[in-house]
Structures are given as C-alpha cells and as structure tokens.
Amino acid sequence: MYGFKLKYLPIVLLPLTLGGCISPEEQHAMDQDKCSSYGFRPGTDNFAKCMMSQDRQRAEDEQRSLDRMRAQEQRDRERKAARRNSDDDIDTRPSFDRDGNPNFDTQGNYQGCHGIGCEVDNPDAD
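Oh and the sequence shown: position 65 is 65 in full-length UniProt numbering, straight run, nothing missing.
Worth double-checking, as some hints may not be accurate.
[Claimed, not checked] In the EDC-like style, the derived pairs of lysine to aspartate or glutamate whose C-alpha atoms are separated by at most 20 Å in a straight line are:
no.	residue 1	residue 2
1	K49	E25
2	K34	E60
3	K34	E73
[Stated by the list, open to error] Ranges between beta-carbon positions, derived for each pair:
no.	residue 1	residue 2	range
4	N101	E73	41 to 51 Å
5	H28	L66	16 to 26 Å
6	M69	T44	33 to 43 Å
Derived from the structure by calculation, the hints contain no laboratory data.
For glycine and all other residues, C-beta sits at the position ideal for the given N, C-alpha and C.
Throw the hints in and build the complete structure from the sequences for me.
Structural data, given as structure tokens:
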C-alpha cells in the first residue's frame with residue numbers, strides 16, 4: 001500500500017491483534033456455537049451454509065474496513081493537493097500603507113491606499 005500513513009497503523013493493527021488473540025480453532029468453535037444457537041445441527045447443509053456465512057461476513061467486514069481506510073487516505077491526498085494548488089488563501093494586497101495606515105476597514109473591506117504616501121508627484125502640477 002503506497003502512501004500509508006502512520007496514523008492509520010493502529011486502525012490496521014487493532015483487528016490483527018484482536019484476531020491474533022483468538023486461535024483459528026477458537027474462532028471455528030465460536031462459529032459452531034453461533035450456528036448451533038440458530039438451530040442448525042452440525043453435519044447438515046444449513047449448518048455448513050451458516051459456517052460459510054460466518055466466514056464470509058468476517059472477510060466482508062475486513063474488506064469494508066480496508067476500503068474505508070483507502071477512501072479516507074484518498075480524501076486526505078485530495079485535500080492536501082487542493083490546499084497546495086490554491087492561491088486564494090493568501091491575500092497579496094498590502095495590509096498597511098507606507099505610513100502605517102490600515103488599508104482595510106473593520107469589516108475586512110479593502111479601502112486601498114490613502115494619504116500623501118499614495119499620491120504620485122506630478123512634475124507638471126503647480
């Protein structure tokens with residue numbers, strides 16, 4: 001898995017460690033108990049179908065978990081790329097003019113440069 005983030009490591013390891021706490025024999029016995037509790041008797045076709053259903057459900061749960069992780073990772077990559085490509089975040093207009101007067105009013109509206117520091121000297125003017 002490329003681009004794997006360490007923050008996802010506990011999510012991946014938790015099911016593995018919990019799954020590691022139960023041996024395959026114990027898991028099989030738990031599945032048998034569950035299918036027996038549904039009223040299926042060992043050795044019947046319905047019992048076998050129930051056992052396969054338990055196994056399939058575990059595999060589907062694991063796949064859903066991995067799919068959610070991959071989807072979250074993809075969303076994180078897209079957000080990071082959008083932030084990298086966005087120039088809208090930085091306002092390049094000057095906040096203050098050369099005399100230290102603010103160029104924005106209290107609501108954040110740009111007022112532009114004002115004062116004598118913004119005027120250009122006109123050599124033709126008297």
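In rising order, the numbers of the hints this structure does not comply with
Going through the list in order, the structure violates hint 3 alone and respects the others.
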